[in-house]
Structure formats: C-alpha cells, structure tokens
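The primary structure of each chain is shown beneath.
Number of protein chains: 2
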Amino acid sequence: MHFPFRPHILTVFVITVLASATLFGTAFAPSALARQSDADRLIEAALADSAAWERLAYLTDTFGPRFSGSENLERAMDWIVGEMKADGLENVRKEPVMVPHWVRGREELLLLEPHKRSLDILGLGGSPGTGPGGLVGDVLVVGSFDELEARAGEARGKIVLFNVPFTSYGSTVVYRSQGAIRAAEKGAIASLIRSVGPFSMYTPHTGNSAYDDAVPRIPHASITMEDAMMMQRMQDRGQRIRVRLRMEDYWLPDAESANVVAEITGSEFPDEIVVLGGHIDSWDVGTGAMDDAGGCVAAWEALRLMKELGLRPKRTVRVVMWTNEENGLRGANAYRDMHREELHNHILAMESDAGVFTPRGFGVTGSDAAFDVLTQIGKLLEPIGSGTITRGGGGADIGPIMNEGVPGMGLNVDGSRYFWYHHTKADYVDKLDPWDVGLSVATMAVMAHAVADLPQRLPR
Amino acid sequence: MHFPFRPHILTVFVITVLASATLFGTAFAPSALARQSDADRLIEAALADSAAWERLAYLTDTFGPRFSGSENLERAMDWIVGEMKADGLENVRKEPVMVPHWVRGREELLLLEPHKRSLDILGLGGSPGTGPGGLVGDVLVVGSFDELEARAGEARGKIVLFNVPFTSYGSTVVYRSQGAIRAAEKGAIASLIRSVGPFSMYTPHTGNSAYDDAVPRIPHASITMEDAMMMQRMQDRGQRIRVRLRMEDYWLPDAESANVVAEITGSEFPDEIVVLGGHIDSWDVGTGAMDDAGGCVAAWEALRLMKELGLRPKRTVRVVMWTNEENGLRGANAYRDMHREELHNHILAMESDAGVFTPRGFGVTGSDAAFDVLTQIGKLLEPIGSGTITRGGGGADIGPIMNEGVPGMGLNVDGSRYFWYHHTKADYVDKLDPWDVGLSVATMAVMAHAVADLPQRLPR
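For the protein sequence lines, the chains are A and B, in the order given.
Numbering-wise, the first sequence is residues 297 to 756 according to our numbering.
Numbering-wise, the second sequence is residues 297 to 756 according to our numbering.
To be clear, the hints were calculated from the coordinates, so they are not data collected in a lab.
Heads up, some of the hints might be wrong.
In silico negatives: residues of chain B with every beta carbon more than 10 Å from chain A [stated by the list, open to error]:
hint, residue
1, 360
2, 361
3, 512
4, 552
5, 700
To spell it out: a stretch of chain A is covered by chain B in this simulated footprint if at least three of its residues, at any positions, have a beta carbon under 8 Å from a beta carbon of chain B; those stretches are [what the hints assert, rightly or not]:
hint, segment
6, 524 to 535
7, 680 to 688
8, 747 to 753
In silico DMTMM-like pairs for lysine to aspartate or glutamate, Cα to Cα no more than 25 Å straight-line [what the hints assert, rightly or not]:
hint, chain 1, residue 1, chain 2, residue 2
9, B, 412, A, 374
10, A, 412, B, 340
11, B, 412, A, 678
12, A, 412, B, 374
13, A, 412, B, 604
14, A, 412, B, 416
Keep in mind the model is a prediction, meaning the values are calculated, not measured.
C-beta atoms are modelled at their ideal positions from N, C-alpha and C, and glycine is treated no differently.
The following block holds chain A by itself, in its conformation from the complex (with noise of 0.2 Å):
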C-alpha cells in the first residue's frame, strides 16, 4: 500500500529550540538543545513511508492470530526475530517463558424457543466445554449483578445472560471476568454476557475470564449486542427463551512461548535502560493488529529508526514484545522476575497497548519530579500533536515492573473506536491508518530517545 504523505502535516516541523536553560538544571541545556533535531529526525523518517504500516501488515497477514499456546505465535516470533537481527538491532533474544495453553474448540448456541436459530458466540477465555451433547436450558437474562441477586431464586439450573450496555470497558468487564463465577454461585449451568463494546455488526467479543475453585467452573460465553438485546426483549414480553450451549473449549497443557527482545546499547549508562514495547500475543479471532501487532511493530520500528539514523543515546533502548497478556500476563511476570536485578536501573517502561490509532501523547505514573521531565520532552512532539503527557497510565506488561518502582507511560491515541473492534474477529490492520501508524512510531521514538539520551537519569 502507498504511503498517504501529508506535508501538511510536515510542514508545521517548526524547529522549536527548548527553553532549555530553566529545564532541569543547567547541566541539561546543551541535550535539550539537542534533542530536538534528533525529535524531528525520528519523526520524518518514521513518516516518509508507510514501513511501519507494511510491515504490521505483513506480520499479521503472515501469521494471523498469535494466541498463547498457538503455533501461529510462535512462528510469528521466530520472524521478528529474524527480521529484527536483519534490521542490525542488538542482542536480539527470545526469553523463554511458559504460557497456558486453552483451546477454542467448536462453539454453538442454538436458540430453540421462540424459533430455532444458530446463534454466534465466542466463549471466554478459560471457559470449560460443555460436553459433547451440549446444555439445554432456559435463559434468565438479568442487567446487573444486583438484579442477579434480587433475582437468585430463579438462577438455579438455568443459563444467565448479563446484558449489561457498554459504558466504560472497566465498568464492563467485570461481568466478563466475573459472570461465570456469579451465575455459578447462584446454581446456574451455564453464563452468558453481552459482548463488551460500544457497537455490533452482530460481533462477538472474547476476553478472559476468571474461576474460583468456591463453585463450580460452568461454560462461559459472549453473545453479540444485537442477540442479547433480543433475549431482553423476549424475556420482558414473557416469552421463554431455551437454547443448546455446546462449546468444546479445553485446556492443554502448559505451552512454550517467550518474551522477544532487542536493543540498542547504550553509548554512556548501558546498563540503564529504557523499556518500550506491546504484547505479542493476541486473541485467537482476528489478526489482533491492534490489539497488539500494532504497539509491537510501534516500538520495533522505533528502534529499527534508532539504528538507522545512527541515534545512539546514553542509554540502552530496549524494546520488549511480551507474551501472554491476553491471559495469564506470564511474560510481564517473567520478565521482571527475569531482569530482577537490573529493574533499579530500568529508567522508564512504555506500552503502547491501546491501539496505534492517531497519538495524542502518554499517560504517565511516576513522580512529579519525572512527569515534569517527560511533559518537556512531550514539547518535542507538538509538531505532530502526540506529546501531551497526563498522569496516570501504564499498561499490562510493564504492571509488573511498575508495581517495582520503575516508572511507566502508555501510548494515549484517539481511542474513539478501539472497543468496536477489541477482541473480535475485525481486528485487522485495514482498521489502522498507515499515517496513524507513522505518527505511533514517531511518538514512541522520540520519547525513547530523548529519555535515554538525558544528561541524568529520569527522577523516580
């Protein structure tokens, strides 16, 4: 695909020479001064062509869908790595980790009464299959955990539908991490959840789930918008609503994988280090080009930018693509068990795991001390509108390490559609904008870049 250039967008690269003096101490003047055409270099070249774009496009079309356990993951990996030693990145690895390995197998909802129909589903990660014959039952749809508990006598040997609306995804969630439990508790045989996202074209959507050896693990699925809002509809007219669940998900045993990992040494503090990278793993439906091809790529051409312009900072740059968030987040948790040692010396982790829609800066938790550093260095970024920097923020994979000390920022973009697509089988990179795309490279890169190359180390 051509690359859509817009010098419009180019041309406000107004050199904007720091205010440097006042920075941070004098002693940092002269690195201030510099880090802005080494910004607008990073930036040019992250979009003087759509490379960043292809090459997502080429890793995702390639290798489809890498979920934990898949062989598709880990051919996936062996690639980057490949590519990555061809692209002159340094100690370029694989840090074996062990994932949990479940199996989609076939999934079928039929509805019986009022009419018979197949009915899409997705089952939740870490769901049980039904058996062979499947469930029969009738449905009890209820909008809360509230109205489960006001409406438990009714719950018992039936399959309960939470059709709770989109609002915010966290406040979401929960009834798809924690359904299966509830309903379980209350004697359901099975649970139900209206798929977590804003919009259908009658599109489920998976995600893990949570079980508690208290009750028992019962089936666990999504159900699009669109057939959940009819159950409510039939269920409030009093019409029965009875459907087979036949889902034959299991589990295998535990699974290799690992974390991928390239650098660029640094020049000065090598053993300082700055983190950025994304989840290489994904959801078993779509491409997972956004959810998290896209921050993987992000950060991998960030460094490969690096490399190519011949930015050496300070400090080493490490890119990481952990494995394993979707679920069981055991590459973030090996990788700080892993690198225990050098985490005093981790100087910033970044995650872009959010989509690489349009950028607009990070979210960062840290000290005041580091935000006022990381909000100057955001001002390298006005010329593309991707340097506002906010508190509070992080991601899944450096959690671990955060909750170590070490400060941590994630990618914020425009996150106006991300949950239409988030772990759907839409998820594919013809969602991202090669520009967009550009843009997520060039923010990463900069703020990279200029962290690494600080006179002094980034405030904790």
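Please arrange chain B on chain A, whose structure you already have, making use of the hints.
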C-alpha cells in the same frame, strides 16, 4: 420499549390547508381540503406510540429469519394473518405460491497458507455444495471482470476471488450475481466475492447468485471485506494463498408459501385498488428486520391506523406481503398472474424495501400527470419531512405489475446505513429507531389513503 416521544417534531404539525382550488381541477377541491386533516390524524396516530416498532420486534424476535421454504416463514405468516384479523382488517388471506427451497448447510473456508485459520463466509443463494471433502485450491484475486479476462490463463483450477470495493450497490452486486458464471468460464473450481457492503466488522453479506447451464455450476460464497483485502495484500506480496472451501448447501423441492393480503374495502370504488407492502421473506441470516419486515409492518400498520381511525377511503387499500423476493420473486410474479384481471384497476402500487429508516418521500414511476398529483399529495407529509416526490422508483415486488402499466412508487429513506447490514447477520430490529418506523408508517398511510380517496383515479 418505551416510545421516545419527540414533541419538538409534533409541534410543527401546522395545519397547512392546501391551496386546493387549483390542485388539479375544481372537482378535487373539497377532498383536497379534507385530506390534510385526515393526514394529520394518521400522522399523529402513527407517532403516538411505538406500536409499529414493537410489532416489528415481536415478529422478527419470535419467528427469526424467514427464508423461502423455511418453517419460520410460514409460522410468521400464520401469526400475521391472525393478528390482521384481530385488527379488524378485511379480506385477510394467504394467496398460495410455490417457492424455491435452497438450504444453507455448514460452510467453512479454511485458510491453509500462509497461515491456518478458519475464515467466516456466507454461501451465496443457489450455490451448490462442494461435497463433504471440500475443495482445496489456490486463490487468484482479481479486482474486476476485466482483470479476470486479462488473467484468464491463471484461473484454471483455482478459486477466483473478486475483490471489488463497494461503490454503489448496482455496480458491485454484479460480482455476486455473475461471479460464479464468469469464474467458471475461465475454469475456476469455485468463486468468492468480497462482501457487497461499504463497512465491515468482519461481516459477510449473503444474497442471490445466478448460474448458467453453459458452464459448470461452481460453489460461490462471500467473504468479509477484511479477508478480501488481506488476500489482495498477500497476492500483491507474492504470497501463496491456499484454502479449503467446504459448503454443504443444497436444494430441496419447491415449497408451499404464500403472499399475505389484507384490505380495507373502498367506500365508493371498491374494485379500484391501491396496493402497498413489502416482502415477508428474508435471507436466512439475521432476522430480516430491515429487509424487509420493516416494510411489511409499515404497510400493515398504515392500514390498521386507517381502520382504527375510521378512515375508509373511496377505493380499496390493499396491503400485500409478498413472498420469495430474495431468491426468486415468485410471490411478485404470482401476484401479477393471480390478479391479472384487476391490474387495470390497480391505481398505484407502493413498496417499502430500503429499511424503515427516516423517510424522505417517494420515488415514482408513472406518467407526468400522476407525478404531479403525487407531488401535491406529498405536501400532506411536509410536517414530518417525508413528502419529497422524485422521479424513478418502485420495488422488486411491484416490478411485475409495474411492467403491466401500474404506476409504482418506492419509499425513500435515509440510506446511509442500509448496506452496512443488508443480507447480514446484523439485520436486527435494534438498527431501526421506533420514531423512524412511526414516520414510515405515517408516510405510507397518508400517501395510500390520499391516493385511494382521490375524487378521480390517479391518472396513468
């Protein structure tokens, strides 16, 4: 669902008395004066509650998709007949029609290279199955029939994919209807099309397709926009695209179905008839709420409101819900044949088959004299903005009688999203707004009543 009553629209119900003496002859003046008050009563009644939307929801929820030959279709029609009688409509009946009976079996497209994954498809109506083992072949992607001609030598033994982006329905749907013939001419073993629609959330669209006895009948299915674009990228990169297509679709003998008919008999000219309706069959996916239960219910409710308000016009108003529009037009042809003797007394035929979104007016096919009268009548709908009469229009189901000289018109609506959902699993009642459904009822009611109540026949 509670009806979202919107008084800001009702407040514009100005009683705009027509400048009637000059309408089309003084003989029409009194009636013309009377009509605005009748129109206003119909509009007010249609917008007073959400009865039409509720009926549409009940119909589509309870009986589901209504494909020709299915039990769902016949159950839905039996329920409609009972309800129409309960509404007090006259001459309620089913007029028997034999319909083709194609059955969708299990359908599967398995991508084998460059990665393994099951892709969603929808077989196109009339497609033969592949046999239980399926077909394995390489995919050749073409962007047009011209490109297929240019690459004809590469097509033999392959599966041809027509990756044609949506422009207008008419210019894209030809690949759905003719693709299997054209691909078979070049020796392809199967054909695939990019779904005919402008926006996708991994949404395949079904629809009918044609075969030609001169070439082999090869399996024919639609894939999503996402996968079509992906395969295009793969081919452009030189990647081999290898798939296994398995379709268990098959034909059964013709099945009994019917057109549903209900009337209000005219007070002065009962043999003269204004026909309005839609098609009661749908595709076998989704629930056919837009296509075309909405049109059926809008016509039905229009008639019910006339009955309820005691507005018996001079001529007979007849609602027809035609069967088998989607894959045969048997209902429409049977109606023409069964009513051939009274076609000269069909004053006007009106169809709604573009979804009951916000109505704008009607597209008319008829004489200039008829157009002028209908334009005047359109003014009755100015209070609700749905009175714009344009040239050209009709509907598939009224096509056969229009060909016999009956003036025809189609309800024009906001068409911005119709093809997002058309022939997909997402065609559900939640895509339609109760207020819009009410407006569509009002629009059809006012037009049908006014034409049926004209002092003189609508000129041909």
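Hints, one by one, checked against the model:
1. 360: With a cut-off of 10 Å, residue 360 of chain B comes too close to chain A, as the shortest Cβ separation is near 4 Å.
2. 361: Not fine: 7 Å to the nearest Cβ puts residue 361 of chain B too close to chain A.
3. 512: 30 Å, holds
4. 552: Per Cβ check, residue 552 of chain B is outside 10 Å of chain A; nearest 19 Å; holds.
5. 700: 37 Å, holds
6. 524 to 535: Answer holds; 6 residues pass the 8 Å Cβ test.
7. 680 to 688: Since 0 is below three, the answer is violated.
8. 747 to 753: violated (count 0)
9. B/412 x A/374: 17 Å, holds
10. A/412 x B/340: This hinted pair is violated, its Cα atoms lying about 37 Å apart.
11. B/412 x A/678: 43 Å, violated
12. A/412 x B/374: 17 Å, holds
13. A/412 x B/604: Outside the cut-off at roughly 34 Å; violated.
14. A/412 x B/416: 21 Å, holds
The structure fails hints 1, 2, 7, 8, 10, 11 and 13 (numbered hints given earlier, in ascending order).
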